[in-house]
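Undergrad: Using the sequences and the hints given, assemble the complete structure.
There are 2 protein chains.
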Amino acid sequence: MPVNLAPPRPEDLLPVKGVTLGVAEAGVRKAHRRDLLVIRLAEGTSVAGVFTQNRYCAAPVILCKEHLALAKPVRALLVNTGNANAGTGEDGLARARRTCVELAAAIGCDSVQILPFSTGVIMEPLPADRIVAALPRALADCREDNWGTAAAAIMTTDTVPKACSRRLSLGGKPVIVTGIAKGAGMIHPNMATMLGFIATDAALSQEALRQVLALATARSFNRITVDGDTSTNDSFMLIATGAAGTQTISGEGHPDFAALAQAVTEVAIWLAQAIIRDGEGATKFITVHVEGGKNEQECSKVAYAIAHSPLVKTAFFASDPNLGRLLCAIGYAGIPDLDVDGVRLHLGDVLVARDGGIDPAYREEDGKRVMQQSEITVRVELGRGSAQTTVWTCDLSHDYVSINADYRS
Amino acid sequence: MPVNLAPPRPEDLLPVKGVTLGVAEAGVRKAHRRDLLVIRLAEGTSVAGVFTQNRYCAAPVILCKEHLALAKPVRALLVNTGNANAGTGEDGLARARRTCVELAAAIGCDSVQILPFSTGVIMEPLPADRIVAALPRALADCREDNWGTAAAAIMTTDTVPKACSRRLSLGGKPVIVTGIAKGAGMIHPNMATMLGFIATDAALSQEALRQVLALATARSFNRITVDGDTSTNDSFMLIATGAAGTQTISGEGHPDFAALAQAVTEVAIWLAQAIIRDGEGATKFITVHVEGGKNEQECSKVAYAIAHSPLVKTAFFASDPNLGRLLCAIGYAGIPDLDVDGVRLHLGDVLVARDGGIDPAYREEDGKRVMQQSEITVRVELGRGSAQTTVWTCDLSHDYVSINADYRS
Numbered sequence: 004m005p006v007n008l009a010p011p012r013p014e015d016l017l018p019v020k021g022v023t024l025g026v027a028e029a030g031v032r033k034a035h036r037r038d039l040l041v042i043r044l045a046e047g048t049s050v051a052g053v054f055t056q057n058r059y060c061a062a063p064v065i066l067c068k069e070h071l072a073l074a075k076p077v078r079a080l081l082v083n084t085g086n087a088n089a090g091t092g093e094d095g096l097a098r099a100r101r102t103c104v105e106l107a108a109a110i111g112c113d114s115v116q117i118l119p120f121s122t123g124v125i126m127e128p129l130p131a132d133r134i135v136a137a138l139p140r141a142l143a144d145c146r147e148d149n150w151g152t153a154a155a156a157i158m159t160t161d162t163v164p165k166a167c168s169r170r171l172s173l174g175g176k177p178v179i180v181t182g183i184a185k186g187a188g189m190i191h192p193n194m195a196t197m198l199g200f201i202a203t204d205a206a207l208s209q210e211a212l213r214q215v216l217a218l219a220t221a222r223s224f225n226r227i228t229v230d231g232d233t234s235t236n237d238s239f240m241l242i243a244t245g246a247a248g249t250q251t252i253s254g255e256g257h258p259d260f261a262a263l264a265q266a267v268t269e270v271a272i273w274l275a276q277a278i279i280r281d282g283e284g285a286t287k288f289i290t291v292h293v294e295g296g297k298n299e300q301e302c303s304k305v306a307y308a309i310a311h312s313p314l315v316k317t318a319f320f321a322s323d324p325n326l327g328r329l330l331c332a333i334g335y336a337g338i339p340d341l342d343v344d345g346v347r348l349h350l351g352d353v354l355v356a357r358d359g360g361i362d363p364a365y366r367e368e369d370g371k372r373v374m375q376q377s378e379i380t381v382r383v384e385l386g387r388g389s390a391q392t393t394v395w396t397c398d399l400s401h402d403y404v405s406i407n408a409d410y411r412s
Numbered sequence: 004m005p006v007n008l009a010p011p012r013p014e015d016l017l018p019v020k021g022v023t024l025g026v027a028e029a030g031v032r033k034a035h036r037r038d039l040l041v042i043r044l045a046e047g048t049s050v051a052g053v054f055t056q057n058r059y060c061a062a063p064v065i066l067c068k069e070h071l072a073l074a075k076p077v078r079a080l081l082v083n084t085g086n087a088n089a090g091t092g093e094d095g096l097a098r099a100r101r102t103c104v105e106l107a108a109a110i111g112c113d114s115v116q117i118l119p120f121s122t123g124v125i126m127e128p129l130p131a132d133r134i135v136a137a138l139p140r141a142l143a144d145c146r147e148d149n150w151g152t153a154a155a156a157i158m159t160t161d162t163v164p165k166a167c168s169r170r171l172s173l174g175g176k177p178v179i180v181t182g183i184a185k186g187a188g189m190i191h192p193n194m195a196t197m198l199g200f201i202a203t204d205a206a207l208s209q210e211a212l213r214q215v216l217a218l219a220t221a222r223s224f225n226r227i228t229v230d231g232d233t234s235t236n237d238s239f240m241l242i243a244t245g246a247a248g249t250q251t252i253s254g255e256g257h258p259d260f261a262a263l264a265q266a267v268t269e270v271a272i273w274l275a276q277a278i279i280r281d282g283e284g285a286t287k288f289i290t291v292h293v294e295g296g297k298n299e300q301e302c303s304k305v306a307y308a309i310a311h312s313p314l315v316k317t318a319f320f321a322s323d324p325n326l327g328r329l330l331c332a333i334g335y336a337g338i339p340d341l342d343v344d345g346v347r348l349h350l351g352d353v354l355v356a357r358d359g360g361i362d363p364a365y366r367e368e369d370g371k372r373v374m375q376q377s378e379i380t381v382r383v384e385l386g387r388g389s390a391q392t393t394v395w396t397c398d399l400s401h402d403y404v405s406i407n408a409d410y411r412s
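Here the protein sequences line up with chains X and E, keeping their order. Heads up: the first sequence begins at 4 in this note's numbering, then just goes up one per residue. Heads up: the second sequence begins at 4 in this note's numbering, then just goes up one per residue.
These are calculated hints, taken from the structure and not from any lab test. Be careful, since some hints might not be right.
[What the hints assert, rightly or not] Keeping only pairs whose Cα atoms sit at most 30 Å apart, straight-line, the calculated DSSO-like set for lysine-lysine is:
| hint | chain 1 | residue 1 | chain 2 | residue 2 |
| --- | --- | --- | --- | --- |
| 1 | X | K68 | X | K176 |
| 2 | E | K304 | X | K297 |
| 3 | E | K176 | E | K75 |
| 4 | E | K297 | X | K68 |
| 5 | X | K33 | X | K68 |
| 6 | X | K371 | E | K33 |
| 7 | X | K68 | E | K304 |
| 8 | E | K68 | E | K20 |
| 9 | X | K297 | E | K68 |
| 10 | E | K33 | E | K68 |
| 11 | X | K75 | X | K33 |
| 12 | X | K33 | E | K371 |
| 13 | X | K75 | X | K20 |
| 14 | E | K75 | E | K33 |
| 15 | E | K20 | E | K176 |
[Stated by the list, open to error] Every beta carbon over 10 Å from chain X, so not counted as near; a handful from chain E, in silico:
| hint | residue |
| --- | --- |
| 16 | V53 |
| 17 | D132 |
| 18 | G151 |
| 19 | G254 |
For glycine and all other residues, C-beta sits at the position ideal for the given N, C-alpha and C.
TA: Here it is in structure tokens:
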């Protein structure tokens with residue numbers, strides 16, 4: 004059961020002019036499952052993306068980067084689940100390329116104007132034949148109000164489709180931002196494939212699009228991942244069709260920039276948090292906020308030491324205020340000159356530790372009360388400076404082991 | 004059930020002349036449990052130790068370092084389970100110091116000649132009164148042939164006492180090396196308390212003792228831990244009584260140095276591996292060997308990325324050759340210029356991947372066959388140089404979650 008996360012209501016998902024979506028059952032891994040998604044983009048659409056840093060990055064990631072570098076207008080995105088096409092070498096590249104060639108032929112563009120995405124099992128050959136065979140059905144299904152179906156089609160071990168919309172006004176004209184994402188919902192989402200697609204009908208220059216993407220990523224998907232610790236397939240794409248007829252946002256200095264960046268960021272944060280809420284086996288949504296650091300990097304070290312600790316995560320699962328495990332994680336986070344006498348640890352509204360140890364006024368029942376909540380905030384004051392950061396994580400439960408031990412069965 | 008690890012047979016544990024051990028029930032956390040150990044050392048004994056790097060290091064660790072720095076002969080070690088006396092600030096130091104003062108008074112030495120050790124729950128006050136009250140019973144129990152009882156008394160979530168001995172000959176005289184250890188048996192033992200005590204009746208200078216300690220640690224306990232990622236209480240002590248009447252080993256150049264270092268290292272490796280074999284919920288013992296790196300550091304990065312990955316560990320638990328997860332971990336290990344085309348991955352005797360992807364000759368049934376074994380070796384050839392390293396880990400099972408969710412109950 005995801006933590007406080009319901010499937011999107013169809014009426015909450017707003018179409019984005021210039022974007023149509025279609026799904027089909029290709030039988031990539033299992034029959035009778037919508038596992039193929041085509042996202043078609045109107046002429047004049049801009050696209051920017053960020054990708055995994057993994058050295059074993061997947062064939063579709065390599066092709067996406069190649070195609071984007073050519074700076075030809077992107078006309079369609081092609082997404083399959085069931086197979087990650089990663090760790091597949093030259094053969095994997097050829098298979099991914101073939102799906103682009105066939106989709107390009109079907110819609111009348113060059114294959115480098117297609118961006119491919121795959122998610123699923125690593126190191127197995129992509130069944131390109133079955134994907135190609137299903138393309139006509141996915142194209143026939145393409146329509147603007149298909150975001151909910153698209154969100155469901157890209158799920159792997161997700162239990163709930165993840166999609167949301169924001170509406171805003173730029174220069175008096177209505178603008179829509181709608182996004183979908185899937186996270187295999189790992190405890191460390193960075194280790195699983197995260198795919199995110201956000202589209203708007205606002206108009207942005209390529210430069211402005213990249214700036215919005217960077218801002219939104221830093222505050223959302225990168226708060227649930229670690230640099231250099233990403234899956235083979237992670238991809239997050241930002242799409243701007245310009246079909247709303249608004250002024251083109253040329254860059255950070257443009258008057259409409261802040262409002263659009265804010266809306267995109269809100270959608271990205273909602274999607275990133277949804278991935279954690281649907282984390283495999285998750286029963287708790289945990290916010291780790293670290294402040295008072297000398298710089299953001301050391302705040303991140305502490306936040307991720309807490310967020311990654313299996314001992315901390317099992318204590319959350321058990322609703323057990325075994326809070327020494329939090330101190331332990333702070334202690335080994337890798338700040339060599341950390342003075343623990345200056346550190347304060349809060350669990351929700353409860354001060355737990357200060358002056359190098361437990362706060363004399365701390366009472367076990369207060370810790371227990373917070374631990375029983377489904378949304379918990381851990382706040383660490385390092386007492387060394389003014390930098391801060393926030394990361395989101397979930398607990399570690401029996402179901403995590405079951406899901407990952409049985410994933411391929 | 005630990006992986007291929009039986010309790011030591013009493014006849015296999017050899018007394019070390021000059022070392023006596025006694026245990027008692029102090030009721031530190033629970034009644035009717037031997038939770039207190041005193042190790043008395045004869046006059047003339049040398050002691051050296053290595054300790055956790057955790058910034059929240061425990062009160063006994065602070066005292067141990069303080070006492071060793073004074074270079075007075077150590078006359079006894081005092082170990083309790085049930086309470087780690089960590090995250091306890093000034094009050095924790097005072098309580099630990101009091102136990103040293105009382106033991107010193109009882110055996111007639113100065114309190115700085117006592118080394119204290121604690122393991123158990125973090126951030127709770129040490130019941131020093133109950134420990135002090137039990138000291139006479141532990142002292143009355145002291146004898147040379149008590150190593151097995153001592154190994155049992157320092158267990159926390161361990162299921163099997165860990166102890167072993169080696170016999171060697173130096174200059175024609177018999178010499179004994181005997182050690183005990185406890186690991187709360189975490190998946191990452193570095194996050195739990197690891198205590199290790201190895202004693203020999205050989206004679207070593209303080210300098211030689213430190214050299215042997217460093218060599219043995221690097222090849223054993225540090226192969227199951229990560230720098231800067233250690234618990235609040237980790238401690239490993241090496242004791243040399245000199246009671247065997249052998250020549251004093253003055254340093255690395257001494258003719259007896261290599262043989263003694265070898266024997267100590269064998270005991271340390273056995274104990275370190277035993278901690279993994281008894282890992283919480285472990286069903287498999289996994290050796291990760293990485294070779295062909297430019298330096299040992301990058302080999303370690305890859306080895307620990309594999310050894311720490313919950314996805315890899317749950318696949319081992321499931322005996323599922325979902326080996327793409329291994330490639331993924333290699334890819335995010337943090338070698339930015341790793342050329343995956345030069346990497347080869349072996350599972351046991353099976354070549355799994357080369358040239359950036361799966362080996363065309365790899366067959367799933369071969370992977371399955373290896374995954375079903377209880378002892379598995381993962382070997383990665385990086386193809387970049389001649390450095391190598393080995394680490395040991397275990398799988399991630401349901402029982403890990405149960406044990407850690409229920410630990411304080």
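Undergrad: Compare the structure with each hint and give your call.
TA: Each hint tested on the structure:
1. X:K68 <-> X:K176: violated, 33 Å
2. E:K304 <-> X:K297: holds, 26 Å
3. E:K176 <-> E:K75: Satisfied, since the Cα-Cα distance of roughly 28 Å is no more than 30 Å.
4. E:K297 <-> X:K68: Distance of about 29 Å is within 30 Å: holds.
5. X:K33 <-> X:K68: holds, 29 Å
6. X:K371 <-> E:K33: holds, 21 Å
7. X:K68 <-> E:K304: At roughly 27 Å apart (the allowed maximum being 30 Å), E:K304 and X:K68 satisfy the hint.
8. E:K68 <-> E:K20: Holds. E:K68 to E:K20 sits at ~26 Å (cutoff 30 Å).
9. X:K297 <-> E:K68: holds, 29 Å
10. E:K33 <-> E:K68: With a Cα-Cα distance of about 29 Å, the restraint between E:K33 and E:K68 holds, given a limit of 30 Å.
11. X:K75 <-> X:K33: Given that 30 Å is the threshold and the Cα spacing comes to 34 Å, the pair is violated.
12. X:K33 <-> E:K371: With Cα atoms ~21 Å apart, X:K33 and E:K371 stay inside 30 Å; holds.
13. X:K75 <-> X:K20: Holds, because 21 Å separates the two Cα atoms, which is no more than 30 Å.
14. E:K75 <-> E:K33: violated, 34 Å
15. E:K20 <-> E:K176: It holds: about 13 Å lies between the C-alpha atoms, which stays within 30 Å.
16. V53: Consistent with the label, E:V53 stays out of reach of chain X, its closest Cβ about 15 Å off (over 10 Å).
17. D132: Non-interface label stands for E:D132: nearest chain X Cβ at 19 Å, farther than 10 Å.
18. G151: Check passes; 29 Å lies beyond 10 Å.
19. G254: holds, 30 Å
Of the numbered hints stated above, those contradicted by the structure are hints 1, 11, 14, listed in ascending order.
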